[in-house]
Amino acid sequence: MRSIGVLEAKTSLSSLLDEVQTSGETIVITRHGRPVARLTPEPRRRRLSGAELAARSQAFMAGQAADADWARMSWDELKAIARDEDPGR
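The sequence shown begins at 0 in numbering that gives the first Met the number 0 and counts up by one.
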């Protein structure tokens, strides 16, 4: 991890960002020799394959259905609710 002064950081921010992104190293920015900030790369995220994405989506949807109140209701209870909410009846 290297340190640079605030003036150098100001004048070369774009190249510092490139450096941090490619090297993965953190750069400490100092003012009057004291650390005041860190320029740190974002963690790299792994891209999901189509199969992984589909599996996660299915698991999410199954969890959503299991958490829904209606998922625990009987067919008769659901019909009664639908009847009560139907303005045409």
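Note that these hints are calculated values from the structure, not bench results.
It cannot be assumed that every hint is accurate.
Label-pair distances were calculated between CB atoms; the ranges are [said to hold, decoys possible]: (1) 1 / 58: 20 to 30 Å; (2) 77 / 49: 31 to 41 Å; (3) 1 / 55: 51 to 61 Å; (4) 32 / 53: 23 to 33 Å; (5) 13 / 42: 14 to 24 Å.
Ideal Cβ positions, reconstructed from N, Cα and C, are used throughout, including at glycine.
Report task. Please name the hints from earlier in the document that this structure breaks, with their numbers sorted from lowest to highest. Result -> Those not satisfied are hints 1, 3, 4.
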